[in-house]
Each structure stands twice: as structure tokens, then as C-alpha cells.
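These protein sequence lines are chains A and B, in that order. Heads up, the first sequence is in our numbering, so the first residue is 2 and it goes up one at a time. Heads up, the second sequence is in our numbering, so the first residue is 19 and it goes up one at a time.
Hints are computed from structural coordinates only; laboratory data are not their basis.
Calculated cross-link-like contacts (lysine to any residue; reagent style SDA-like; alpha-carbon spacing at most 20 Å):
no. : chain 1 : residue 1 : chain 2 : residue 2
1   : A       : 279       : B       : 367
2   : A       : 360       : B       : 238
3   : A       : 265       : B       : 305
4   : A       : 360       : B       : 309
5   : A       : 399       : B       : 154
6   : A       : 399       : B       : 185
7   : A       : 359       : B       : 314
8   : B       : 120       : B       : 186
9   : B       : 359       : A       : 283
10  : A       : 359       : B       : 233
11  : A       : 360       : B       : 304
12  : A       : 279       : B       : 365
13  : A       : 399       : B       : 163
14  : B       : 365       : A       : 384
15  : A       : 393       : B       : 163
16  : A       : 377       : B       : 238
17  : A       : 249       : B       : 375
18  : A       : 399       : B       : 165
19  : A       : 265       : B       : 303
20  : A       : 399       : B       : 162
21  : A       : 377       : B       : 359
22  : A       : 139       : A       : 42
23  : A       : 25        : A       : 329
24  : A       : 392       : B       : 161
25  : A       : 359       : B       : 304
26  : A       : 359       : B       : 347
27  : A       : 359       : B       : 309
28  : A       : 377       : B       : 236
29  : A       : 393       : B       : 165
30  : A       : 149       : A       : 99
31  : A       : 393       : B       : 161
Taking CB as the label site, the calculated pair distances span:
no. : chain 1 : residue 1 : chain 2 : residue 2 : range
32  : A       : 421       : B       : 170       : 25 to 33 Å
33  : A       : 234       : B       : 69        : 52 to 60 Å
34  : B       : 109       : A       : 234       : 55 to 63 Å
Predicted, not measured: the structure shown is a model, and the values here were computed from it. The beta carbon of each residue, even a glycine, is placed where N, CA and C say it ideally should be.
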Amino acid sequence: MVAAKTIVYLLCHPNQLRSIVQWKVWHEPVHRRDPSKETPTEKSCFHYLNLTSRSFSAVIQELNPELLMPICLFYLVLRGLDTIEDDMTIDIKEKEPLLRNFHNLMEQDGWTFDKNGPNEKDRELLVHFDDVIAELKKVKKPYYEIIKDITVKMGNGMADYALNAEHNTNGVNTIPEYELYCHYVAGLVGEGLTRLFVESKLANPQLLVREDLTESMGQFLQKTNIIRDVHEDYLDKRRFWPKEIWSKYVDNWDDMFLPQNRQKALNCSSDMVLNALKHADECLFYMAGIRDQSVFNFVAIPQSMAIATLELVFRNPAIFDSHIKITKGDACQLMMESTQNLRVVCDVFRRYVRRIHKKNDPRDPNFLAISAQCGKIEQFIESIFPTQDPKKIAAGVKNANPATKDPGMDTSEALFLILAVLVVLGLVGGLMVGTAWYFGARFDMVLNDVQSKFAGNALSTTGSPSAVPSTFGHEEL
Amino acid sequence: MSSEKKPSLGSVMVIGGCGFLGHHVVRLLLRDYTCSSISVIDLRCSRNRRPDSDGVSYFEADITDASKLESIFTQAKPDVVIHTASPAAQSNDSVSHALFKKVNVDGTAAVVEACRKTGVRALVYTSSASVMSDNRSDLINADERWPVIRGKDQSEFYSETKAAAEELVLAANRSPESPNLLTCAIRPSGIMGEGDTMVLYHMINIYRQGRTGVQVGDNNNLFDFTYVENVAHGHLLAARALLQTAASSIVPLDHERVDGEAFLITNDSPVYFWDFCRAVWNAAGSPMGAEHVWILPRDVGMVLGYLSEVFFAVIRKPPTFNRQRIIYSCMTRYYDITKAKKRLGYKPLVALDEGVRRSVAWFLEQEKEKK
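Whole structure, please, built from the sequences with the hints as guidance.
So this is what it looks like as C-alpha cells:
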């Protein structure tokens, strides 16, 4: 049934279908893993990668062989941590040491964990975690140290949040708290990845100096997800939208979801989108530092998806009562465009920024600030790929001679155009009248008619002047 | 600003200090700086005048009157001169052309001369970002490397006179006649704010006449509007930098020098042209979104503009609507102000949306008072 619906949808949207076909047929990965040469534990790791990640598994498996295993394992370790953190059936007293010691556990040969609740979706990964541990032992030392360092930070961060009663009952309050939360769940991952990219010489070492750029990459993705998932999180009784923002629009968080407050909720969501958009230019800047095509694809795809998702959720009331996603066709097109170069990704960003700007509503209190933020992103793109060259413009001004004429319409040209139109009209009209006359039309009668009409009008000075011509007219017809 | 020690600018003279920009310069001088004295020259000193308690001295004079100017300079003994005086660029006939030439070019020449004769150390001139525009072509993220458009390429005579004056001022920097006079020029784009009678006046008029329902072009054209306080701030940063250069014994390196240079100043936040208009209309009370807006393609607008020009030519009146207006509303014109940020340490003090809120509130207040 669902499949039938999808087929009908795609038949009605040929562009979407085309994008999907293009991606499936023409996408040629830069690197492809070779399962025939893999050990059973390696195979097992990729099996769990496919099982636990829908969005990342494909791009990870196309990574440069140098980083393929390290990043796959990095993902699985963090996913393992997440599976413990997420599981509400594990008591906090048991959970805290697990989170804080995870970096030690992942060094114990044969360690597995089967105390996850039966409904925890990724419990299988921890049940077979010994395979991940076996592979971690083979990872080059510098890469391993990075993975371990981030695991320590992430585990402690998760434990702190799990113990933080205020956060768990009331959610996030201030904007700095919101950004700190995003730092723990996304910024840290970004930090680890950047260090791996630079360590493997696949990215500009400057990226380690500009930590703010890495941070923006994570913040942009996480904030976008938080905006999109607002309804899902609401049902799960979790809130990540900071009170500092939503309290400007409603008094209680529950009020956001009341139909009569839709306008306020929309304005609040655009405040959130504005806050997320602040990272977009730094994300583009970060991507300029990547030196390897497969790594570029790996970082660019999620970013393009994020800007498209922001456009989708912007001023979209549906986010407050359902879970919305970009279409499969759009996703395929975005993946095509994100696996080329920075210029194409910049074009994607500009396209979506302009769509956001088109949806912007003057009645929204954030209207001009959003317009300015869109402008800022466009200006940044212009600064890396300038349209105009001052040298050429200066040369053009100097050489301005009569031969390079104003491309606009000047007066004589316009007059000539109007004259030409009149002549053509006259010719065609004359031709028609002439043809009619040739076939026997009696113009003399029409003329007489008109004359008598005018005469009739002039005579009927009294009575109903309008009635006279109308009766005449009807009879003649 | 108040907690830190306010920087000193010595004795400061603001020419045009009762004008739109000039009186904000005076206000900022009083708020953010310490000055041994502040004096103002303007044609009329009754409007935008500070209360006597602020200790500003006002001199009524026409800047084209060189001898009067010189005697005021001798009396006020300024170290710094901020020259903001310029006629409003509203009309485009031969009478106003003569006025533009007289005030902008001859007046500025007289100011430069007075500075030279009375030992002024720093002269900051208010130029305009429009000197880089030919009023047809887009300016996309343009910076100071872009050429100044002069002569027959410059279709607006106002901009031509501003460019000529800027050239005069910059040529006077460390010139043989007065090696101690340092000068620079500020090129603001689209100034608006309290006291504005141009940008906001026209935009609010359009709203009052119920003409917000038409948009010409696709509204993807970015434009730089600048809140007046930020422009004034840029001027004073430039004055301060010139004084610092004057006090130093070495000539600064090319990539950090301020004297003899022109600086673009904007709010550092270009916005889509019609978005700015709508923000102004909504601040002025419009309850409308953008659903009612009818989008007119630029080419259609050009034809209508042309027909309007023909019509007004026939009835022998200046057209209220013409092709140039269509061009302006569809033109991309925004600037890269990295130079001002790096060399002057410039950063806008007030964000654009806050600037619009303040300016429109002021405008509505004025209207109320008039009634």
C-alpha cells in the first residue's frame, strides 16, 4: 500500500523521480569498501553500522580507506554510549559509571553488554560489542587516541546531563545552555572528526586552530534536528527549545502546540531558525578546508540536508503536529550536489537561503533579522566566489567607448518599436478589411448605420438617451 | 562605553552639525568622546540644536563664503573637522545641479583651504557610496578597489560632485601646501535614522498612499542601508585614527593607513531591497504580509516607466515615476566593508532591525507633533 502511494507520488513528481534515478544510476563512490578482503569482525562492524545508522552508513562506507575503519568505529562507539544513555530501564546508579567508564570498557577484550531493555532499538550493537573492541585494537594509535579522548568527554557529558534533574524536568533554559547541549551531542563529534581529518592529512590543519568553525558544523546540524523534531520530543516529554526564546511568544511550553497559538508558535520557530542560520556561513568556511573528495562528501551531505530541512521547517505549521522530512527525491538531488565541490554546495546554500527569504513574513518580529542573516550568507558566498572583478570593471570604465552601448532601451529605439507595432497592426487590419470587402461585405451600409445612430442620438435630447442607441443596436444585430 | 575612559578628540568642528547626519555626529561626540570643545557650522542653527548645557558653540555660515569660514575657524581653533554638509540629493534639474556644484565642490574646497590656513590636523569628509555606482550596473559585494565613476559614465550629477569633493579632500592629505593636515573620506550607503527626510520619508509615503501591493523584480537584490548612528560612529573612529597617525612619528604601512583613504561604511548587513521596505511599512503600522503583493517583472516595469516618462513629457511635468526608479528597486548594491573593520576597528553599534524600529518610531512621533 505504501509502495503504491510512493509510486503514484513519484509519477506525479517526475523531477523527484529523476533525481532518485540519477543518484542510483550515476553516483560513483570515490572509494568502495571491498568485503572480500575484510575480516569477520570488520564485516560485523559494518553490519552494525548499517543497522544503527540510516543517514551515515552510506557516506561512511565511501570514505577514504585511511579513515574508513576509524570513523566507522568512532560512530559505533558513540552509538554504544548513546544506547546506554537513552535507555530509561537502566537505573541511574548503574548508568552513570557505565557512561563515565565507557572508554575503559571499550579496551576490555570481549566486553559486551546485555542489560539494555528489550525495546532499545540498538541493543544488538552492545550485545556484540566485542567485535567493535577487536577492531578498535587495530586502529592506528593517533586515531585511537582521538576516539578515546572524545569518548571520555562525551561519556562524562552524558552522565552530567543524566544526573541533572533541572534539565530532565524543565528542559533547556538559556541560549548558552542550549548551545552547550548541542556541543555535547554534536560539537564533540565534530571535534573528533576534524582531528581525524587533520591527523590523516585530508584537511587543512588550520581547522584545528579555528575551533569555532568545527563547532558551527555540529551546532548547525543539531539545532536543525531540534527544530524539526519539536513535536516528536514533545510527545516524549522532552524539550530542547530554550525557554529564553519561546517565553517571548508563549507563557507555557504546552501552549506552543495549541491550535489557537499557531501564529505565535510560527514566530517562535522562525526565531529558532534564525538562531540556527547564524552558523551557515561558518559551515561553508569549514568545508573550504577539506582536501579529500570522500571527506568532503562526508561532511557536505549532512550540511546540505540541514539547510534544506531548515527551509522545510521555516514558517511551516506542520512541525507542531507531525514529523516532517525532506522528500526522497530532494535528498537524492542534494546528495548529487554535495558530492562535487564547494562551489556547487554554495549554490545549494544560496538556493535554499533564497527560498527561506521568500517565505519570510513581514509580520514576523524576526523578519528583518532573518532577511539580514540570509543576506549575510549570500555575502559570504560572494566573498569566496566573487561575481565581479574590480580590475575588469575599472578597465571597462576606462575603455567605455560608443561601441559598447547601453544594453537598456533608449528613446529612439522605443519609438521605433512602437511605430513598427502600429504599422503591423494597420497592415493586418487593412488586409482583413480588404479581404472582407473582396468577399462582398457592404461597408457603405455600416457607415450609414453609424451615421444614423449618431443622428438618432443627437435628436433624442429628451426622454431616455441611453435607450435609443440600445434599441437600435439590438434590431441591427 | 561609559565605564571605560572615553577617548579624546581635542577641539572638534562639525560642519553641517545641524543636519541629518551632522547632529548625530555631535550627539556621539558628547556621548562617547571627551572633547576640549565642540563647534558647529551650519546654514541655519535653529533645528537639531543641542541644549546650551551641552556647551556646543554654533556658528551660522555658508561654507562657500571662504572668508567667513576662515574667521570662524580662527576663532574655534579646531584640531579635527568633520565635514558632513551637503544639499539633499532629491531633485535633478539644472538649479539643483548648480547648488550641488556650489556646496559640494566649491564649499569643500573652501573647507580644505580653511583647514590648511588654521592648522587643522584631521579632516574627515562625508562622501557617498554612490560615487562607485553608475546607477545602472549592479555592485555586488564591492569594496574600495572598485573604480569611482566619473564624468559621462556618472549619470547622477550629485554623485559626480561628491566624487569631485572626495578627490579634493584626499588630495589635500599630507600635501606640500599643508604637510600636517591628514584627511580621509567616509562613503556611507543608504543612510536612514532619526532626522531622515529621504529614505524613510519616501518609503512611509508609499505606505500612506496604499502602494505597498506592487513589487518590481524578484526581490533577490541585496541592498545596503545604514543606520545613521553607525555612520556617525564611523566618522569619529576615522577622526581618532587620523589623530593617532598625526601623533606618531612614522608614516603607517600601506595596508593599515587611514589618511588619504576612502572607507565604505554600512550596517554590515545587506538585506533584500523589498524586505527593507516591508520592514519599514510594518514598523509604520502596516498589518499586511506579502500575500497581497503583485510581482511585476523588471522588464514590464521598465516599459511602464518609459510610458510614464513619455506621458509626463507630453504634459510637460517632471515624471513622478520613471525607469531610474525601477532600476534602483531592482539593482543589487551592497558593499564589503572589511577595510573599515580592519583599519578603523569599525563595527556597527546598532543592528539594522533596531535602527529601523528607532527611526520609524521617531518619524511617527514627528507626524503626531505636526498634527
